[in-house]
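2 protein chains.
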Amino acid sequence: MSEEYRQMWTDLGLDLEAHDALLEALGKGYQDIYLSQENRPQGMQYFDFVMSEVHGLRVKELIDAQKQGRKVIGSFCVFVPEELILAIDGISVGLCTGAEFGFAEAEKVLPRNTCALIKSAFGFGMTKVCPYMEASDMIVGENTCDGKKKSYEVFKDVVKDLYVMDIPQMKSDSGKELLRSEYLKFKEKLEQLSGRRITVDDLRKGIETVNAKRRAVHRISELRNADPVPISGMDALLINQVYFYDDPQRFTESVNKIADELEERIKEKKGVSAEKTPRILISGCPMAVPNWKLPWIIETNNAAIVGEESCVGERGTRFLTDSEGSTVDDLMDNIVDRYFNIDCAIFTPNQSRTEHILEMYDKYRADGVIHYSLQFCQPYQIESGPVESTLEDKGIPVMRIETDYSQEDAGQLRTRVEAFVERLKG
Amino acid sequence: MSEEYRQMWTDLGLDLEAHDALLEALGKGYQDIYLSQENRPQGMQYFDFVMSEVHGLRVKELIDAQKQGRKVIGSFCVFVPEELILAIDGISVGLCTGAEFGFAEAEKVLPRNTCALIKSAFGFGMTKVCPYMEASDMIVGENTCDGKKKSYEVFKDVVKDLYVMDIPQMKSDSGKELLRSEYLKFKEKLEQLSGRRITVDDLRKGIETVNAKRRAVHRISELRNADPVPISGMDALLINQVYFYDDPQRFTESVNKIADELEERIKEKKGVSAEKTPRILISGCPMAVPNWKLPWIIETNNAAIVGEESCVGERGTRFLTDSEGSTVDDLMDNIVDRYFNIDCAIFTPNQSRTEHILEMYDKYRADGVIHYSLQFCQPYQIESGPVESTLEDKGIPVMRIETDYSQEDAGQLRTRVEAFVERLKG
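Listed in order, the protein sequences are those of chains A and B.
Residues in the first sequence are numbered from 14 upward in steps of one, following this note's numbering.
Residues in the second sequence are numbered from 14 upward in steps of one, following this note's numbering.
None of these hints come from the bench; they were simulated from the model.
You may find that some hints are simply not true.
Identical copies carry no separate label here, and so any pair may be met within one copy or between two of them.
[Said to hold, decoys possible] BS3-like cross-link-like pairs, simulated, lysine-lysine; straight-line CA separation at most 30 Å:
| id | residue 1 | residue 2 |
| --- | --- | --- |
| 1 | 184 | 283 |
| 2 | 173 | 184 |
| 3 | 121 | 438 |
| 4 | 73 | 169 |
| 5 | 184 | 198 |
| 6 | 121 | 280 |
| 7 | 198 | 283 |
| 8 | 282 | 202 |
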C-alpha cells in the first residue's frame, strides 16, 4: 500500500501495526479463497480490485467526500435505510464485523456467549483497525437482537457518535408505527447532521439509486438458476458484501456488466462448475467480509451455492422501494412499507421467511438447503428448528450448521458438508 | 398426597410417574433447604403449607374455580398485568420455570444455548408435569428477550391456547404506545375469553387487590433493613415466589401477618442470623420455584440476603398502580404507566435499573452486591458489565455469577461466595 494510505490511516487514528497484520491476513485469505477459483466471470476483476483497495482507495474516497462536506454514515444492519442517507448526499457504509479480530479485547466488555459478529464489531472498534468505523461521522446501531441491542450500551464508549434506532419485534400496526416514528427521527437526525433539509426530489433520487443497486443484484440472482451456474456462490456473496460499502452508481454499473456477461455465459452453457453439480441454497445469518468459511467449504466440496437467503443476500435486497409519491411524507411511507417487509428472525412470528426459503429453493432449482447460524445468535438458531421441520415435511434435504469465525471447526464442517453433498447426489 | 389429587392430576393429563418424581425431589429439596433454617418467623408456616400443597390444594382451588366459570391465566413474566386478569374475575398463575426437568426433551426443539428458565418451561410442558400449565385456560407469552420471543413460536405446539403479547424495547413515546395497544388487545382477549366486559369498578378492584399484595411485600422488604435481619433472604424469596400463584387476598393477609411478626422481632432485636452478619443484595435474573441454589449457598455461608433486585422481588413489585380514574380508559392508562416503568434488562438504555440497585443497596444497608445471570441470558449478562463498573466506581463490592439450574457448579459457587463474604467482612 502506498505511503499516502499510511498517512491517511495514521490520521484516522488506526493502530498501524495491528492494521498491517489484518490486511496481510485478509490479502492472503482472498488470494487462497477467491483467486484460486476457476472459470470466474471477467467482470469479477472489478471486485478483486475493490477488495485489494478495501482499506485504501475507498476509504480515501470517503475522506475526500468529507472534505467536500459530505457525511459518512456507518451501520451494521439492513434496517438502516440507505435511501435517507443518500438523500442528504451522504455515504452509507457497512462496518467491519466479519473477522475474528480483537476478540480478546471484546471479551473484556462482553460475555463470551456473544455472537462472533458483535464481538468482531467490538474487536475492530477497540483495537482501532476498521478505517470505516474511524471515518464515520455517525454510526447507527439498531435494536434487532438482544445481543446488539444491549451491546450498543457498551459500544457507545468504544466509538464516537453512536446513534441507536429502535426496531419493532412484531408485524403489527403498532410495530409499523414504531418503525415509522424511528425512521422519521432518523431523517431528522440526518438533516441535523448535514444541515440540509431533505426534499422530495432528494429522497426520490435516493430511492432510485438504491433500487438500481437492488435491480442489478436481482439480475445476478436470477441468472443463477441456470445449470451450469454461471457464477460461483463465493463471487455472488462477494457482490452482496461489496454492496454495503462501494459507491452505489459504480457498483450498479459493475454488477450490470457482470450480469451481461453471465447472460452470454448461459447462452454458451459455460459455468463455474459442471452441469448437474449439486445445488445448495444457504439460509440464515449474514456473512460480512471476510466471513467466507462456509461458502468456501461448500464450493470446494463439489457443490454450487445458488442463493443466499440472508441479509447479505436476497433478504436484504429483494424488495424495491416505491418511488412514486408527491411529498416527502409519501416517500417516507414507501420506505417504511419496504423495510417493514424484511423477514429477519428478530420478528415473531416470521412465517414469511420460511415461505421465501421455499420460493428461492424452487426458483434457483436448489437440491438442498444449508441453514447457517452464528453461535449464540438466538433468533436464527431458534428459528432454524421450525424452518428445518417445514422443509423436511416437503422432502427438502436440510442441514443445520452452527459456527463462528474461527477455523477450528473447519475440518468437521468439511466432513459434514461432504456427507450432505453426497446425500444430494444420491 | 391424597387419592383425590391423583385423580385430579390424571384428569389434567399429567404424567403421574414423572410428576411423582418431581414432587419427591421438590419435597426433599424443600426439607433440606428451607426446613433446616433456624429462627424462622412463625408466619412462614403458612408458606411451608403452601409449598407442601403446591401441586395439590392450590391446583384443586383453580379447578373448583373453573367449575364456577372462572378462568385461569398462566404466564411467565411481570409484564402480564394481573389487574386485568382479576378484573374478569380470573386467576393469574405463574407457570413452572424453576427446575431442571425435561431438559433432554426441551433440547430436541430448542438450541442447547437457551437459558434454563426457558428450557424449564418447555421441559415441564413437554413432559406434562406442571399442573398449572395444564389447568390454564390461556397461557400468555410476551416478547421480552429473544430467547422467549422466538421460543414461543415453538411453544405454541407444546401447550394449548398460547397468546403472545408484544413488549417494547425502548422507553420512547412509540414504545409506550405499543405497550398501550398490546394491553388493550389483551383486555379484549380476556373479555372475549370470559364473556364479561370489564367495568371501571372491576378494574379498580383488580388494581386495589394487586396493590394490596404489593404493599404487603413492601412491608417485608422495608423491615429487612434491620440488623440483625428478621427474616432470611431464602424466606423472603419464597414469599416473592408464592406471590405469583397464591390466592391474592389470602397471600396479602399471610404476608401482613409475617410483617407484624417481624416488627415485633425487630423490637426484640431477634434475627435469623447474628448482628453484623455481612449483608448481600442480589440483583439480576428472576428465580422461580424451586431455584434456590444461589440464595441457599449465600445464606449457608454466613451472609444474609437483604434484598432481591429481580422480577421475583422488588423489580416486579415496587410500583403500585394508580387506582384513581373515572373510566376504564383512565385506569388502563394507569396500568400502562405502571408497567412501562419496570426496568427489565430487555430495555435499552436501562439506566434506572442501576439507580434502583444503588437505592436498594443504601436502603437495605447492604455490604455488597451479587449479580446473578442465567447462562445464555444475553440481556442481563451484557448489562451486568456496566452495572458492575458503576457499582465499583462507587466503591461497592460486586461479584458477577453466571449459572444455570444444575448442581454441577455448586461447589465452585460456594467457594466464590465464601471468598466474597470474607471480602465483605474485611
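Against the structure, test the hints numbered earlier, and report the numbers of the ones violated in rising order. Structure breaks hints 1, 6, 7, 8.
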